[in-house]
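Read top to bottom, the protein sequences are chains A and B. First residue of the first sequence: 1, per this note's numbering; consecutive thereafter. First residue of the second sequence: 1, per this note's numbering; consecutive thereafter.
Accuracy of the hints is not assured; some may be wrong.
[Said to hold, decoys possible] Calculated cross-link-like contacts (lysine-lysine; reagent style BS3-like; alpha-carbon spacing at most 30 angstroms):
no., chain 1, residue 1, chain 2, residue 2
1, B, Lys204, B, Lys278
2, A, Lys66, B, Lys360
3, B, Lys28, B, Lys83
4, B, Lys131, B, Lys71
5, B, Lys71, A, Lys30
6, A, Lys62, B, Lys280
7, A, Lys62, B, Lys7
8, B, Lys131, B, Lys75
9, B, Lys10, A, Lys61
10, B, Lys360, A, Lys61
11, B, Lys65, B, Lys151
12, B, Lys278, A, Lys61
[As the list claims (entries may be wrong)] Derived Cβ-Cβ restraints for the label pairs, each shown as a range:
no., chain 1, residue 1, chain 2, residue 2, range
13, A, Asp27, B, Ser274, 43 to 49 angstroms
14, A, Asp27, B, Trp9, 39 to 45 angstroms
15, A, Arg58, B, Thr203, 20 to 26 angstroms
16, B, Ala40, A, Phe28, 28 to 34 angstroms
17, A, Arg59, B, Thr279, 19 to 25 angstroms
18, A, Ile49, B, Ile357, 20 to 26 angstroms
Hints were generated in silico from the structure; no laboratory data involved. Here the structure is a predicted model, which means the values were calculated and not measured. Ideal Cβ positions, reconstructed from N, Cα and C, are used throughout, including at glycine.
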Amino acid sequence: MKKILNLLLLTLLSLTTFAQGESGTNDFFKSNLKIYVVVAVLTIILSCIFIFLFFIERRLKKLEEK
Amino acid sequence: MNWLYSKWWKWLSVVLLTYVVAGSFFVKLGPGITSVTPVAMYTDTVTTFQITCYHSHFNSDKAGKVQMWFKNQSKYYAPLSFKVTGNETAEASFAVSSLQQDSFKPASIDVVINDELDGTFALRDAITLVKATAVDSSSTGLLTPTEPEVKHNKHQLVCYPYREILYETIRNTFFHVPMWFAMTMLLFASLIASISFLINPQTKYDTVAHQAVVVALLFGVCGYLTGLIWSKYTWYIGVSWGDVIRKLLLEDIKMAAALVAMFFYFAYLIIHSSIEDKTKRAKVAAVYNVFAFVIFILCVFVLPRLTDSMHPGNGGNPAFSKYDLDSTLRMFFYPAVIGWILLGFWILSVCIRLQFIQQKRES
Chain A
1 MKKILNLLLL TLLSLTTFAQ GESGTNDFFK SNLKIYVVVA VLTIILSCIF IFLFFIERRL
61 KKLEEK
Chain B
1 MNWLYSKWWK WLSVVLLTYV VAGSFFVKLG PGITSVTPVA MYTDTVTTFQ ITCYHSHFNS
61 DKAGKVQMWF KNQSKYYAPL SFKVTGNETA EASFAVSSLQ QDSFKPASID VVINDELDGT
121 FALRDAITLV KATAVDSSST GLLTPTEPEV KHNKHQLVCY PYREILYETI RNTFFHVPMW
181 FAMTMLLFAS LIASISFLIN PQTKYDTVAH QAVVVALLFG VCGYLTGLIW SKYTWYIGVS
241 WGDVIRKLLL EDIKMAAALV AMFFYFAYLI IHSSIEDKTK RAKVAAVYNV FAFVIFILCV
301 FVLPRLTDSM HPGNGGNPAF SKYDLDSTLR MFFYPAVIGW ILLGFWILSV CIRLQFIQQK
361 RES
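Bound conformation, chain A alone (with noise of 0.2 angstroms):
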């Protein structure tokens, strides 16, 4: 479990590798009408709602072995 939250944790720090090329002026998130902003957004939503799934497969985890 503590492997796999690792993990998640791990992707999630590519993230701010788009953040650093934003000093830049070819703004990677401006680019073709802004659409990586929508692809951000999503991904936010989708990682936020993976992470609360792990944590009540922790608490599951947790009855199971009991």
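Let chain A serve as the given structure and place chain B on it in line with the hints.
Only chain B this time, still in chain A's reference frame:
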């Protein structure tokens, strides 16, 4: 509480959200003008402009006659020449006499295009008029404003409105906005459960109220984070992350009020976990929950109406007027709201059932 175990509404949320996500991917943005070059023109000189559009159909059979105007203030001027060079490109020339330059105030000119299929669309402040310092009295070709005659202003396509600044991010309407709807509905469910507990003290009502707040906060956090990134690239373009957060908290009343409301519910979770005695805990939490909901309603629905906010529909006007949502957006927005709310209740039902098993084991 049979709704926890019935399946049809869970399937409904799957169907609705699949439809919404597919719609948000496959429906194109409506016709709009992406660029007009050159961006400046001098008086007494004929300038030819290259107009590039997005998702327009100039060469289509249904387009009919493609018309184009230069607009300053509320006056429309016909171009000297206008030629369609492709489905999404056109060429137009225009000149302003220095005798007339003072009537162009402010000195920015909009470009407006109409055809029968794409309707009317425009690029505001597309061209800047550079005024001459000395008026050439011999210049000819004085412009007279025309009255545009169009068949229809509304486009005949299935597409999202092309808005400057927003562009493709208008699709976030199906993801960011329903987060708050889902949060509100979950908190309302929590309120109902708390009131039920006060009327009829059973532990199951306390469980429902507590879990509903947890899931509602999940949606609240999603709504907040998505709003943060959306505003960074639309309202606060070119502003650093630190300033975006500062502006959102200090300048946008809706964001600040939503954060305050969410803190009240975080306090609910703390109260719920800090009292050991189960019946006492349930009673205190239920009473607190009723007050928290009132504060939530005040913060999210009343406070933002009192003052101006960057959010559409605030500062006195009800949200989602006919200008904010067009028919294509509505086609996906209402299913999105229902779909996300149902998904929230689905997650809630899993949490509650898990809690029930835990309580059964403990007793």
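Quick rundown of the hints versus the structure:
1. Lys204(B) / Lys278(B): holds, 12 angstroms
2. Lys66(A) / Lys360(B): Answer holds: Lys66(A) to Lys360(B) is near 13 angstroms, not above 30 angstroms.
3. Lys28(B) / Lys83(B): Satisfied, since the Cα-Cα distance of roughly 25 angstroms is no more than 30 angstroms.
4. Lys131(B) / Lys71(B): holds, 17 angstroms
5. Lys71(B) / Lys30(A): OK: Lys71(B) and Lys30(A) at ~28 angstroms, within 30 angstroms.
6. Lys62(A) / Lys280(B): holds, 26 angstroms
7. Lys62(A) / Lys7(B): Roughly 26 angstroms separates the two Cα atoms, so the pair holds.
8. Lys131(B) / Lys75(B): Judged against 30 angstroms, a Cα distance of about 18 angstroms means the pair holds.
9. Lys10(B) / Lys61(A): holds, 24 angstroms
10. Lys360(B) / Lys61(A): OK: Lys360(B) and Lys61(A) at ~16 angstroms, within 30 angstroms.
11. Lys65(B) / Lys151(B): holds, 10 angstroms
12. Lys278(B) / Lys61(A): holds, 24 angstroms
13. Asp27(A) / Ser274(B): 43 to 49 angstroms: Between Asp27(A) and Ser274(B), where Cβ atoms are some 45 angstroms apart, the hint holds.
14. Asp27(A) / Trp9(B): 39 to 45 angstroms: Holds, at about 41 angstroms.
15. Arg58(A) / Thr203(B): 20 to 26 angstroms: Holds: the Cβ-Cβ distance is about 23 angstroms, inside 20 to 26 angstroms.
16. Ala40(B) / Phe28(A): 28 to 34 angstroms: Roughly 29 angstroms apart at Cβ, these two residues keep to the hinted range, so it holds.
17. Arg59(A) / Thr279(B): 19 to 25 angstroms: Holds, since Arg59(A) and Thr279(B) (Cβ atoms, about 23 angstroms apart) stay within the stated range.
18. Ile49(A) / Ile357(B): 20 to 26 angstroms: holds, 22 angstroms
The earlier numbered hints are all upheld by this structure, with none contradicted.
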